[in-house]
Amino acid sequence: MAQLTYRDAVARGIAQEMRRDDRVVLIGEDVAGAGGVFKTTVGLLDEFGPRRVIDTPIAEQAILGAAMGAAMTGLRPVAEIMFSDFFAVCWDLVVNEIAKTRYMTNGQVTLPLVVKTGNGGALRFGAQHSQSIENWAMAIPGVKVVTPSTPADVVGLMAAAIRDDDPVLFFEHKGLYAAKSEVPDGEIVDSLGTAKVRRTGRDATILALGLMVPRAIEAAEHLAARGIDAEVIDVRSLVPLDTATILGSLHKTGRLFTVEENPRLLGWGAEIASIAVDECFWDLDGPIQRITTPHVPLPAADSLEDLVLPSAELVATTVEKALQS
Amino acid sequence: MAQLTYRDAVARGIAQEMRRDDRVVLIGEDVAGAGGVFKTTVGLLDEFGPRRVIDTPIAEQAILGAAMGAAMTGLRPVAEIMFSDFFAVCWDLVVNEIAKTRYMTNGQVTLPLVVKTGNGGALRFGAQHSQSIENWAMAIPGVKVVTPSTPADVVGLMAAAIRDDDPVLFFEHKGLYAAKSEVPDGEIVDSLGTAKVRRTGRDATILALGLMVPRAIEAAEHLAARGIDAEVIDVRSLVPLDTATILGSLHKTGRLFTVEENPRLLGWGAEIASIAVDECFWDLDGPIQRITTPHVPLPAADSLEDLVLPSAELVATTVEKALQS
Amino acid sequence: MRLPLSDHGYGQHDIVLPPKAQDRHDGADIDLSKRLSVYRKLQEMRQFEKRAYDLFMRQLVKGTSHLSLGMEAIAAGFGAAMRPDDYTFATYRGHAHTLARGVPMTPVLAELLGRANGLMGGKGGSMHLTSVKHGMMGSYAIIGAHLTIANGAAWSAQYRRSGQVAVCFFGDGTTNIGAFHEALNYASVFGLPVVFVCENNLYMEYTAIADITAVPRPAADRATAYRLEPIVVDGNDADDVYLTALSVLERARRGEGPSLVEAVTYRHGGHSRADPGKYRPDAEVEAWKAYDPITVYRGRLRRLGVADADLDVIDKEVADAVELATEEAIAGELPSPASALTDVWSDGGSSWRN
Amino acid sequence: MRLPLSDHGYGQHDIVLPPKAQDRHDGADIDLSKRLSVYRKLQEMRQFEKRAYDLFMRQLVKGTSHLSLGMEAIAAGFGAAMRPDDYTFATYRGHAHTLARGVPMTPVLAELLGRANGLMGGKGGSMHLTSVKHGMMGSYAIIGAHLTIANGAAWSAQYRRSGQVAVCFFGDGTTNIGAFHEALNYASVFGLPVVFVCENNLYMEYTAIADITAVPRPAADRATAYRLEPIVVDGNDADDVYLTALSVLERARRGEGPSLVEAVTYRHGGHSRADPGKYRPDAEVEAWKAYDPITVYRGRLRRLGVADADLDVIDKEVADAVELATEEAIAGELPSPASALTDVWSDGGSSWRN
Ligand SMILES: Cc1ncc(C[n+]2csc(CCOP(=O)(O)OP(=O)(O)O)c2C)c(N)n1
Ligand SMILES: Cc1ncc(C[n+]2csc(CCOP(=O)(O)OP(=O)(O)O)c2C)c(N)n1
Ligand SMILES: [Mg+2]
Ligand SMILES: [Mg+2]
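Protein chains in written order, with our numbering: chain A, 858 to 1182; chain B, 858 to 1182; chain C, 78 to 431; chain D, 78 to 431.
No wet-lab data here; the hints were simulated from the structure. Note that the structure is a prediction, hence the values are computed from the model and not measured. Among the clues, some could well be false.
Stated by the list, open to error - Here are the simulated DSS-like pairs of lysine-lysine, each with C-alpha atoms no more than 30 Å apart in a straight line: (1) K1037(A) x K355(D); (2) K1109(A) x K1178(B); (3) K111(D) x K127(D); (4) K896(B) x K355(C); (5) K97(C) x K139(C); (6) K896(A) x K355(D); (7) K393(C) x K896(B); (8) K139(C) x K1037(B); (9) K896(B) x K366(C); (10) K896(B) x K127(C); (11) K355(C) x K1037(B); (12) K139(C) x K210(C).
Using the sequences and the hints, build the whole thing.
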C-alpha cells in the first residue's frame, strides 16, 4: 500500500501490462523520451525500449491508424492522444473505422486497443485544451468509454482496458493528475462497465465522472451537514453503462442528479436521465436535474473558468433546493 | 405554387440567396460542374459562374477552413460536406475552430457560414455513408443545427441559414431527396429555431426529425385508427431548440415520445427527455420513451437496414403499448 | 489538347491519352504459366464486375457500388506478386482486389446482394469487402483513413518480424487529403513494410484530378516529400504492374521501407452505379477503352504463341464460375434479423449496459 | 555531429548549428529608419516575453504560455513588410506576431493575466490572441487548422480583389499533420494570395523534428509537392526575413499565388511554461543563444554606425512601455461574471432555446 499520484498510476498500469504481454506497445507524441507531456508515461522507454515505446510525428490520424492496423494483426497497442480536444482531428479513425470495423466485417476483425487521453478543464488552458468529451464517444456504437477518478482506479481500469478485446477510449482527467492517494501493491485489474458507490445515502442519488466525483463527494458532505443524506456514484464507465447500480440507487432514493463537466446539450447525463424517466418513472419522487457546464466553450481566465465548471457548492445548493421544494 | 423535389429545393434555396447577395459563394466536392453528387446544386455553376461556385479537392479540412476564413473576412460561404459521415475528417474545424472562435475572441469574429451535408440512412449505403449525426453537432456550443423534412422547409430554412450571422450546419436527409411536394412561388425565408406541429393531437406528443417525420405522421394515422390522437412535432432545429412548442405540447398531452434515426446513446431525444423530466415532471402522465436505431452501426443489407431504422409501425405499436399500460 | 469550359462544364484540363503501343512489355521475363494465371484473374475480375453491373440493373443489388472495369490490371498484377500472408487494404472500389487475393466469387456477389452467405453476412456491403483469412484486411469507404491503417498492419509485421508486407490501394483524388500525407510521412520515418499504390484513373468522382491538384502526377510528384522514389507504371499493363510489384514488395521485405507507386489507368464506366460519366471527353474515353487491360494482355499472349482457343477455354471456365456464383448468391437466404445486433463487441453482442 | 540515444533520451539526430557569420546581410538595401523600427520591434517582443515569463513565475499568469524568445526576427521581419490591411494567422506561440501587427502591449499582457482589459476580455487567453482591427485574425492552438483558415481569408481577398495577403505562421512539427497538406495543395490549386511561414525551431514539443520527419527540411523539402519554390531563410536575421517577406508578399499581390517559407530558428527556452527544455543538447542551445536575433541585429546597426547610446535609448523606451503595460494589466479588473455567457452567438448571447 503506497501513496501514488493519478499521473504515476497511468504509467504503473501500462507498465504492469507491458511486463506480462509483449504484444502491448505504446505510441504517441512525446510519450517516449519525454515520458509524456503530462508525465504519464515516465520510465516506460527505459524499461521497455524504443521498439515498444515510440515517439510519433504530430499526426493523430496516423497514430490511431497505426494502432488500429496493429490491433487487427496481433498487437495490443496503447495510443495517446495528448489532449482529448485533439480527437477532433482524428475523429474519423475513431467513429468510422475503429468503432465500426468489427460490425461491418461480421466479426472478422478484432481490435484490442486503448486510446488514452488527457481530458477536462480547470487548468486554465482555454477553449481548445480543456474540453470534457466523453459524451462525444458515448454516442458512437463500438467504442468503450472509461473515466477513472482515483489513482487506484487508474491502474485497475487501465489494466482492464488493455486486456479487453474491444477498443477502449481511456479518459484521464488533467485536473486530477496531481491527486495522490493509496494504491494497493501488486497487480491490480479492475473491471470495465462498473460504477462505484463512493458514498451511500438515502435521500438523493448524485452521479459524477472524473473531476466531478471529488466535487460531488464534497457536496454530499455539505448536504449531510444540512440534513440531506446523498448517495454519490462514480459512474467510471459510460460504455458499458452500469445501469444496475445507477437505477438501483435511484429506486432507493427517488431523486436523481447528474454532475457533468461537459457543456449542457447531450452531456452524458442526458442519456441516463432519459433511461431513468423511461424505466424508473414510477420510482421518481421529483424532477431529475442535471448540473453541467453551461452550453458555452470554456473561457481561459481562471475567474471565468471557475464560474462555469460545476462546483461542490453549486451541486449542494441545487440538490438542497430540489429536495426542499 | 409548384411541385418541387427536396433535392431541387436545396438548389432553389441557395440560388435565391446568391441572387440577392454576391457575398454568397459555394464550395465543395463536385458541386459545380456535376451539380453535386446528389444533384442538389444543379444549375448554380451556369447561373453564377466559376468564381462563385467552385469544385474543390477531396480535402474537407481545407473546405471548412476556406469557408471559415472567408466568413471572417466578409463573404458568406456555403460549403458542402458530401456525406455527413465525412464530418469526422474535418470535425476539428467544426468543433474547435468554427464553433469556438467568436467566443474566444470575445465577439471580434463573426462567422456567417453554412455547411450543407447529405445525412441519414435508408439508401443501403452501409455504416460509413448512412449516419444521422445531428446529435454530434447538437453537443457542440457555437453551431446551429437544422434538419428540414419537406421541400418548402428546405428552401426557407436554407435561406434563413444563409442570412444568419452564425455558423449553421444544414442536414439534408438523403432519404428525402426524391420526395416531392408543393412549394410556394417567390422568395421564401423561414426562421431558425422553430419547430412545426405537423399533426395536432391530445393523447401523446411524438417528436421527429428528418426522415422520421413522415414516418411519425404515418404512425399517428395508424394510431388514430386505433383511437389514439397523437400530436406530431417536426423538431426541424436542434440548436436553437424550440422548447416552447415542444414542452407546450407535452403539457397538453402528458406523454412524450421521440423518434430518432441516430443510434440510441445520446441521440437528440435524450436531451429533450432530460429537459422534460426536469422542467415538466408534474405534467408527465407516464414514462418518456425514445424510439431510436439500436446502438449499432448501420448494416448495409436492405433487409437489415429496414429492421434497425425506426418504422412507422414500430412507432405506432410503441406509443399504443405505452398508452394502454 | 485543352478543352475549354464550354465543351464540358467540368473544369479545364488536358486530356490524358494512353500509350499507343501495346507490346512494350511482351519481352518481360515472366513465365507463361504465371501469365496465364494473370490472364485468368483479369477475366475473373472483368466478368465478375460485368455481372455485378447486370445485377444492379436488375435491381438485385441495392445501395451503390464502384466497379473496377478497365482498372483490373493493377489488382491482377499486384495479386500475382503478393505472398499469401501479405495484407491488402482497398477502397470501396474493392471487388477486384478482393478476388485478387483468392476470395471466391460467391460470397462477394452474395454480399453485394445483401445475403446471409455474403462475405460479411450482408452487414458490410459492396464498399467494405473483407476476408481476413485471405489477407484481405478490408475495403474502406472514407477517403484516406486506410492508408494510416495499412501502416499499422505493416508496423505489426515489422514488430513480429514476419516478413509480411501491407499493400494499400487508393485513388488519385485521395492524394489531396490530409491522411495521405500523415500516412506517407509516418511510413517513411519508421521504415514500414508498406506499399502505397495510387490507382490514378484521372478523375475523383466527377472532377478531373488535374483541375484540383497542384502537380501533374498526384502521387509520384509527392514522393520526394517523403524521401521516396517517384514510381509510375502503366496501370493497364498487368506485366508492368507485376514486375514493379515484385520489386517494391522485395524492397519492403528487405527492410528498406515503404514505396509509393502511381499506376495510371482509366475506368470504363462512371464513378459509381449512379454515374453515367458524362463529364469525360469522348476522345479520352474511346482511347482508353481501346487500350483495355484485357485486350492488351490477350494480345500479348497471342503474340507469345498462345492459341485463341486456349484463351477462350479460360474465358468460358470463368464465365461458368460467374454463372454458378450468381446462382448461389441469388439463392442465398436473407440475413437473420438477429445478425443486425451481433458483433459490435468481441463477445459477439451489441449490449451497452448491464 | 550525431548524439547517441544515451546522451539524451530523446531520439537520435544531428544537432543543427546556426551560421557563424552575423554580418551576412549588413549590405542589404534597407534604409536605416526601417532598420531602427525593426530593432525597436525586436526589443518590444523580447522584453515583453521576458516580462510575461516573470509574471508566470510570480503566479500572475495562470494556465500555460508559449514564448517566442529567440524567434523574434521572424515576426519582426514579416511585420515590417506587411501592409496594414494584410492578415496574420498565428499559433499558440503568438505573442510576438500580435505585437508585430501593432497591437498595444497592455491588452496582450492583460489577456495573459485573465483580466477584463485583456485583448479578448480574458476569454481566449495566451494561446488565442486576436485583434481583428489590427489584421491579427487569430492565434490557433490545434495544430494545422489555421493553415486552412488562412486560405479562406486569402480566398476572400482574391474574391474581393482587395490586394490583401494572408500570412500564416506555424512550426516545423506542423508540417507532418494532414491539414498542412490539404492547405498547401488547396492554396496552390486556386492561386491564393497566402504566405505560409514555417518557423523551424528544430523541435516540436520535446521531440526533435529530425526524429519524426521523412525529409531534412520539413517545409522546404515539401514545396515541390505543391508546385512551389523551396525557400529557406535565416530566421534569426530580421533583414533576411524582411527581404524575403517583401518578395513573397509582392508575388501574392501580383496574383502569382502562395509561397512557402521555411525560417530556421531556435527557442531559447522550453516549449511552454512547464518545460525546462532538457531534451536539447547543450552545445546546440549555447550556439543558438549566441546567435541571438537581437545580438545579430544590434551588432549590425553598430557596424552601420549607429551609436550604442542611441540603441540604449530605444531599449529604455521599450522597457518603460513594458513597465507601464505591466502596471495597467495588473491593475485590470477581473472579467465580469456575465461575460462568461456572452458572444457564443452574433446576438451577443449564448442561449440555445426559446
Ligand atoms: C473523406 C471523404 N470525402 C469524400 C468522399 C466521397 N468520395 C467517395 S469516392 C470519391 C472520389 C475518390 O476519387 P479517387 O481517390 O480518385 O478514387 P476513385 O474513385 O477514382 O477510384 C469521393 C470524393 C469520401 N468517401 N470520403
Ligand atoms: C492536433 C494537435 N496535436 C498536438 C498538439 C499539441 N502540441 C501543441 S504545440 C505542439 C508542438 C508543435 O511543434 P511545432 O509545430 O514545431 O511548433 P513550435 O511549438 O515548435 O513553435 C504540439 C504537439 C496540438 N496542439 N494539436
Ligand atoms: Mg480516381
Ligand atoms: Mg517547432
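Structure-inconsistent hints, enumerated in ascending order: Numbers 5, 7 - these are the hints that the structure violates, sorted from lowest upward.
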